[in-house]
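Undergrad: Top to bottom, those sequences are chains A and B.
Numbering of the first sequence is given in our numbering, commencing with residue 1 and proceeding in unit increments.
Numbering of the second sequence is given in our numbering, commencing with residue 1 and proceeding in unit increments.
The hints are simulated quantities; they were obtained by calculation from the structure and are not laboratory data.
Remember, predicted model here, so these are calculated numbers, not experimental data.
Watch out, some of these pointers could steer you wrong.
Which copy is meant is left open, because identical chains are indistinguishable; a pair holds if it fits in one copy or across any two.
Claimed, not checked - When the alpha-carbon atoms are kept at most 35 Å apart in a straight line, the in silico DSBU-like pairs for lysine-lysine are as follows:
| # | residue 1 | residue 2 |
| --- | --- | --- |
| 1 | K277 | K455 |
| 2 | K156 | K461 |
| 3 | K316 | K85 |
| 4 | K145 | K33 |
| 5 | K438 | K102 |
| 6 | K479 | K32 |
2 protein chains.
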Amino acid sequence: MAGDDAKKPKAKASGGKKKEVKKETGLGLSFKKEENFGEWYSEVVVNAEMIEYYDISGCYILRPWTMSIWEIMQAFFDAEIKKMKIKNCYFPLFVSPGVLEKEKDHIEGFAPEVAWVTKSGKSELEVPIAIRPTSETVMYPYYSKWIRGHRDLPLKLNQWCNVVRWEFSNPTPFISFVAFLLFINWHILIFQSYFLLYRAVSFFDKKGILRSQQRKRQTRRRIYEEFLAVPVIKGKKSEMEKFAGGLYTTSVEAFIPNTGRGIQGATSHCLGQNFAKMFEINFENEKGEKAMVWQNSWAYSTRTIGVMVMVHGDDKGLVLPPKVASVQVIVIPVPYKDADTKGIFDACVATIETLCEAGIRAETDFRDNYSPGWKYSHWEMKGVPLRIEIGPKDLANNQVRAVRRDNGTKLDISRDSLVDQVKTMLDNIHQSLFNAAKQKRDACVQVVKTWDEFKEALSQKKLILAPWCDEEEVEQDVKARTKGEMGAAKTLCSPFDQPELPEGTKCFASGKPAKKWTYWGRSY
Amino acid sequence: MAGDDAKKPKAKASGGKKKEVKKETGLGLSFKKEENFGEWYSEVVVNAEMIEYYDISGCYILRPWTMSIWEIMQAFFDAEIKKMKIKNCYFPLFVSPGVLEKEKDHIEGFAPEVAWVTKSGKSELEVPIAIRPTSETVMYPYYSKWIRGHRDLPLKLNQWCNVVRWEFSNPTPFISFVAFLLFINWHILIFQSYFLLYRAVSFFDKKGILRSQQRKRQTRRRIYEEFLAVPVIKGKKSEMEKFAGGLYTTSVEAFIPNTGRGIQGATSHCLGQNFAKMFEINFENEKGEKAMVWQNSWAYSTRTIGVMVMVHGDDKGLVLPPKVASVQVIVIPVPYKDADTKGIFDACVATIETLCEAGIRAETDFRDNYSPGWKYSHWEMKGVPLRIEIGPKDLANNQVRAVRRDNGTKLDISRDSLVDQVKTMLDNIHQSLFNAAKQKRDACVQVVKTWDEFKEALSQKKLILAPWCDEEEVEQDVKARTKGEMGAAKTLCSPFDQPELPEGTKCFASGKPAKKWTYWGRSY
Numbered sequence: 001m002a003g004d005d006a007k008k009p010k011a012k013a014s015g016g017k018k019k020e021v022k023k024e025t026g027l028g029l030s031f032k033k034e035e036n037f038g039e040w041y042s043e044v045v046v047n048a049e050m051i052e053y054y055d056i057s058g059c060y061i062l063r064p065w066t067m068s069i070w071e072i073m074q075a076f077f078d079a080e081i082k083k084m085k086i087k088n089c090y091f092p093l094f095v096s097p098g099v100l101e102k103e104k105d106h107i108e109g110f111a112p113e114v115a116w117v118t119k120s121g122k123s124e125l126e127v128p129i130a131i132r133p134t135s136e137t138v139m140y141p142y143y144s145k146w147i148r149g150h151r152d153l154p155l156k157l158n159q160w161c162n163v164v165r166w167e168f169s170n171p172t173p174f175i176s177f178v179a180f181l182l183f184i185n186w187h188i189l190i191f192q193s194y195f196l197l198y199r200a201v202s203f204f205d206k207k208g209i210l211r212s213q214q215r216k217r218q219t220r221r222r223i224y225e226e227f228l229a230v231p232v233i234k235g236k237k238s239e240m241e242k243f244a245g246g247l248y249t250t251s252v253e254a255f256i257p258n259t260g261r262g263i264q265g266a267t268s269h270c271l272g273q274n275f276a277k278m279f280e281i282n283f284e285n286e287k288g289e290k291a292m293v294w295q296n297s298w299a300y301s302t303r304t305i306g307v308m309v310m311v312h313g314d315d316k317g318l319v320l321p322p323k324v325a326s327v328q329v330i331v332i333p334v335p336y337k338d339a340d341t342k343g344i345f346d347a348c349v350a351t352i353e354t355l356c357e358a359g360i361r362a363e364t365d366f367r368d369n370y371s372p373g374w375k376y377s378h379w380e381m382k383g384v385p386l387r388i389e390i391g392p393k394d395l396a397n398n399q400v401r402a403v404r405r406d407n408g409t410k411l412d413i414s415r416d417s418l419v420d421q422v423k424t425m426l427d428n429i430h431q432s433l434f435n436a437a438k439q440k441r442d443a444c445v446q447v448v449k450t451w452d453e454f455k456e457a458l459s460q461k462k463l464i465l466a467p468w469c470d471e472e473e474v475e476q477d478v479k480a481r482t483k484g485e486m487g488a489a490k491t492l493c494s495p496f497d498q499p500e501l502p503e504g505t506k507c508f509a510s511g512k513p514a515k516k517w518t519y520w521g522r523s524y
Numbered sequence: 001m002a003g004d005d006a007k008k009p010k011a012k013a014s015g016g017k018k019k020e021v022k023k024e025t026g027l028g029l030s031f032k033k034e035e036n037f038g039e040w041y042s043e044v045v046v047n048a049e050m051i052e053y054y055d056i057s058g059c060y061i062l063r064p065w066t067m068s069i070w071e072i073m074q075a076f077f078d079a080e081i082k083k084m085k086i087k088n089c090y091f092p093l094f095v096s097p098g099v100l101e102k103e104k105d106h107i108e109g110f111a112p113e114v115a116w117v118t119k120s121g122k123s124e125l126e127v128p129i130a131i132r133p134t135s136e137t138v139m140y141p142y143y144s145k146w147i148r149g150h151r152d153l154p155l156k157l158n159q160w161c162n163v164v165r166w167e168f169s170n171p172t173p174f175i176s177f178v179a180f181l182l183f184i185n186w187h188i189l190i191f192q193s194y195f196l197l198y199r200a201v202s203f204f205d206k207k208g209i210l211r212s213q214q215r216k217r218q219t220r221r222r223i224y225e226e227f228l229a230v231p232v233i234k235g236k237k238s239e240m241e242k243f244a245g246g247l248y249t250t251s252v253e254a255f256i257p258n259t260g261r262g263i264q265g266a267t268s269h270c271l272g273q274n275f276a277k278m279f280e281i282n283f284e285n286e287k288g289e290k291a292m293v294w295q296n297s298w299a300y301s302t303r304t305i306g307v308m309v310m311v312h313g314d315d316k317g318l319v320l321p322p323k324v325a326s327v328q329v330i331v332i333p334v335p336y337k338d339a340d341t342k343g344i345f346d347a348c349v350a351t352i353e354t355l356c357e358a359g360i361r362a363e364t365d366f367r368d369n370y371s372p373g374w375k376y377s378h379w380e381m382k383g384v385p386l387r388i389e390i391g392p393k394d395l396a397n398n399q400v401r402a403v404r405r406d407n408g409t410k411l412d413i414s415r416d417s418l419v420d421q422v423k424t425m426l427d428n429i430h431q432s433l434f435n436a437a438k439q440k441r442d443a444c445v446q447v448v449k450t451w452d453e454f455k456e457a458l459s460q461k462k463l464i465l466a467p468w469c470d471e472e473e474v475e476q477d478v479k480a481r482t483k484g485e486m487g488a489a490k491t492l493c494s495p496f497d498q499p500e501l502p503e504g505t506k507c508f509a510s511g512k513p514a515k516k517w518t519y520w521g522r523s524y
């Protein structure tokens, strides 16, 4: 059991810079998640040392605390990819205008966001060069070259890369909202360059593509649910929301109850044969006839990390699911005056050694210029799932005190059963986080059948499930009718897991016969 | 023992595209390494499917065969980095002009090479943004922010990233030479974006920096010698050749006997306190006084792979050292008419299963549209260290035939001792490659003491070791006096392992008292 004096955060005086340091290491947040979600989010990612603002608007630095999360997910993904016989490659950062503009629908979707290099040193380039806003148009001219016969298929390549898109954010009177966007939409930042898994696969036929689409959905769901403890809905995007130039897009969608916005978690685009046509990706099939490939592409990005922060974070800061935490257990000595300080420190070292040997990522915090209470707050801000405190009483009883980050539950653990109990607690933390997030999200789901119900639910920031006629004009119309300060409503996805749709059900918006259930709402 | 008919490469007829396919999969090279090194190199990297040319001059695609080599080295390095408690981070791709121009000497070195983004979509940017040509100036403003007191030190960050430098290559009448450069200097390509390990460390004091410099040299040597089987010389760069703005630079230097050029393998820059001064990276030391950090930075790039290709490749194509080969053993069935084809194929599968279980990266080539001989040539072109052939006779004798890529040695191996013997052969291949490369390099070393000897050795493309007065003007003078079509001579490095320098020895170029032995030559 740790001492009482450790309960309140306080920093020991240690020189003139203390106040600044205190602010930077983020003891406490100025904003509450429920009250001002945007400011709260901006503060959490900075104070937890995930992000540092950069002197170019829309760019930011991914600090080690973020990178370690990304690396854990990347290692999982890369291994999964290799199991699927997908090979890594690396295409240049630059695209020539001719290639970029080959697929008209596609470039229309990206053109205003493209960054152009026009100068080297002081010289003007003869032809400006674009920085890749995506990867399809970069890769496919070479697919055309590499694919000749049916034996060259499927061609499965992946690249881990950054892409750059300049997005115009509307000037808005709410500064906080701008700042919020800057962090939240890791995907659509002004001149944002982000890490990305980029998979492009070419198959013989539709069957191959369908199988591949399904397999990927599974992997994406696993990243969200098994690693980030975030519940997602798997479904298909509407015609309006699909990838420009593709046949259809599937996605996993998360939902942020605090803002009532959906957030596209990761997408998979079945490109059909459209890009193959534009880029002439033909092959000789087994009968010796000329055929055209079927393609898909697939991406997920550092945006996943933003979703995790928004879903689990609380008023003390970040809350990390154990699977992605680079430090799963932080061990803090709680010495008193006259206590056996050396004995306590030795017990801390022994504790992390035992945990590390069992494959648990554990560290101690032995800094001598901070009180235990200050350290508690510091590591809570950084979201470490489990804190272990060792004080004189713990030492005497051959135990440690374990405190869960997610709900504050305290448990005294005998050092003899340390590994088993810590493992169980970490598993429980993951499950609790997932359950709590699912419960919150499910509580936001509102089934509506009429326009009035829809408007009411939208004003209450619900995740709306409605029967829909699946017509593009109707979605356009809904967008137009809901335009406003908060942004228009749009389809999020039509879930693969469809509730029953009784014959004769009408579309909530058009009154025409409904074809499917679709999730609607505002989104990031 | 494989059949005789397998000895000569030949492709079975299989449709109209055969000829094209044959050319692309690179059966045979048009150029010889000894006769036309530049063309040979360009052909090897393309025919071995390492590189694909790109439609923007100076950019190229790293195909999976290259990426797998890079990933093996990256995995080694990343683990080493983490052992040294260096943490990964990610800084933006872009730099603002103000930051880029902060360190004057430094920017002078890079200014003409910088790529500038001036437009987004169709709009002009108010202020152009540079793409990072290096990382120091990007990172250090934030080091200044993050480092406050001595407890924040050392700050050890690494980033894996691409950087972009536009270099002007002189127009040259020898097309082959231009094409050669495009591939060879993976470091200095026109608008080249390459993978890079980028480590930036800040320490309290000089002692910390010196220790860190030494440790890094060791890691770099290991990459070259233990992974790529390339011998390198560890040494210090001259004042003229050091990193712009730094205190001194150390490097490992490889040498390409065919062209008589040195090639800088990887560098480590001791920046001293110069960047700390420019970027105000101060801290409060243990006595409460204001102090300034000491820094170093360090990089290695995909260039390493180019060096490996140049050193080991031969007239049959690429030769991969086993440690970095994604396929270490290729197993090829050699069925005859009337032979037990199924038995042979089963034996092939059993062989790779046994090898893979033992941690050896083995694959089979069961393609039915190519003859065994064609496959031999194909995998020789791709540089796979060991080929295993299984024919009827091998099946009958419960053996396989193993053929070394590096020297063509054949060995019949009993399937009972497969793993042990293959492991031994792979070890031997590595050692042979290293020894052969070292022998060739050592044969190029020429000790000279006078200007006439120097000129003679330079014309013979030697790696010249000469006593030097260590004066910048003298190096400048040597450069000026050796200027010509082949490029001027310069210092490569002063080896840490210094031969004895008898008192009274004179500088080969100036006649002044010599201070050290230094390697000179032309370089990439």
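Undergrad: All hints are to be evaluated individually against the structure, with a verdict given for each.
TA: Hint-by-hint comparison with the structure:
no.	hint	result
1	K277 to K455	neither (42 Å within a copy, 60 Å between copies)
2	K156 to K461	neither (41 Å within a copy, 44 Å between copies)
3	K316 to K85	between (43 Å within a copy, 28 Å between copies)
4	K145 to K33	between (52 Å within a copy, 27 Å between copies)
5	K438 to K102	neither (43 Å within a copy, 50 Å between copies)
6	K479 to K32	within (31 Å within a copy, 66 Å between copies)
In summary, the numbered hints that this structure violates are 1, 2 and 5.
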